[in-house]
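Please build the complete structure, drawing on both the sequences and the hints.
Quick note, the sequence shown lines up with residues 79 to 136 if you use the working numbering.
Hints listed in this document are in silico derivations from the structure and should not be mistaken for laboratory results.
Just so you know, even glycine gets a beta-carbon here, dropped at the ideal spot from N, CA and C.
Just to be clear, a hint being listed does not mean it is correct.
Stated by the list, open to error - Ranges between beta-carbon positions, derived for each pair: (1) 100 <-> 132: 19 to 25 Å; (2) 107 <-> 82: 33 to 39 Å; (3) 131 <-> 106: 24 to 30 Å; (4) 89 <-> 110: 32 to 38 Å; (5) 133 <-> 101: 19 to 25 Å; (6) 106 <-> 81: 29 to 35 Å; (7) 133 <-> 100: 17 to 23 Å; (8) 82 <-> 108: 38 to 44 Å; (9) 108 <-> 87: 32 to 38 Å; (10) 132 <-> 96: 34 to 40 Å; (11) 132 <-> 98: 17 to 23 Å; (12) 104 <-> 82: 30 to 36 Å.
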Amino acid sequence: MSMRPEELLEATKEHLRHLHAEADLERRLSPLERPKTILKWRRFFIPVLLPTVERLAP
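Structure, rendered in structure tokens:
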């Protein structure tokens, strides 16, 4: 699936908004709940956001 640069940029912005919302949620969690959230972030960040950002780089 090939995306136009505008679509890719919008998808990246959406991912970043999602990460920002997750960070806000994590700040409100108790310390016992945080490790689960960090693992969820890792599963999201590495396979989804990182390749998207790399494709945007010139």
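Hint by hint, here is what the structure shows:
A hinted range of 19 to 25 Å for the beta carbons of residue 100 and residue 132 is consistent with their spacing of about 21 Å. Checked against the hint of 33 to 39 Å, the C-beta distance between residue 107 and residue 82 comes to roughly 37 Å, which is consistent with it. Separation of residue 131 from residue 106 is about 27 Å and conforms to the stated range, judged on CB atoms against 24 to 30 Å. The beta-carbon spacing between residue 89 and residue 110, approximately 33 Å, falls within the hinted interval of 32 to 38 Å.
Against the hinted window of 19 to 25 Å, the Cβ-Cβ separation of residue 133 and residue 101 comes to about 23 Å, which satisfies the hint. The supplied range of 29 to 35 Å is met by residue 106 and residue 81, whose beta-carbon atoms lie about 34 Å from each other. For the hinted restraint 17 to 23 Å between residue 133 and residue 100, the CB-CB distance of approximately 22 Å keeps it satisfied. Between residue 82 and residue 108 the beta carbons are some 43 Å apart, a value that agrees with the proposed interval 38 to 44 Å.
Taken as a hint, the range 32 to 38 Å holds for the pair residue 108 and residue 87, whose Cβ atoms sit roughly 36 Å apart. With their beta carbons about 18 Å apart, residue 132 and residue 96 fall outside the hinted range of 34 to 40 Å. At roughly 20 Å, the beta carbons of residue 132 and residue 98 sit within the given window of 17 to 23 Å. The hinted window of 30 to 36 Å between residue 104 and residue 82 holds, with their beta carbons roughly 33 Å apart.
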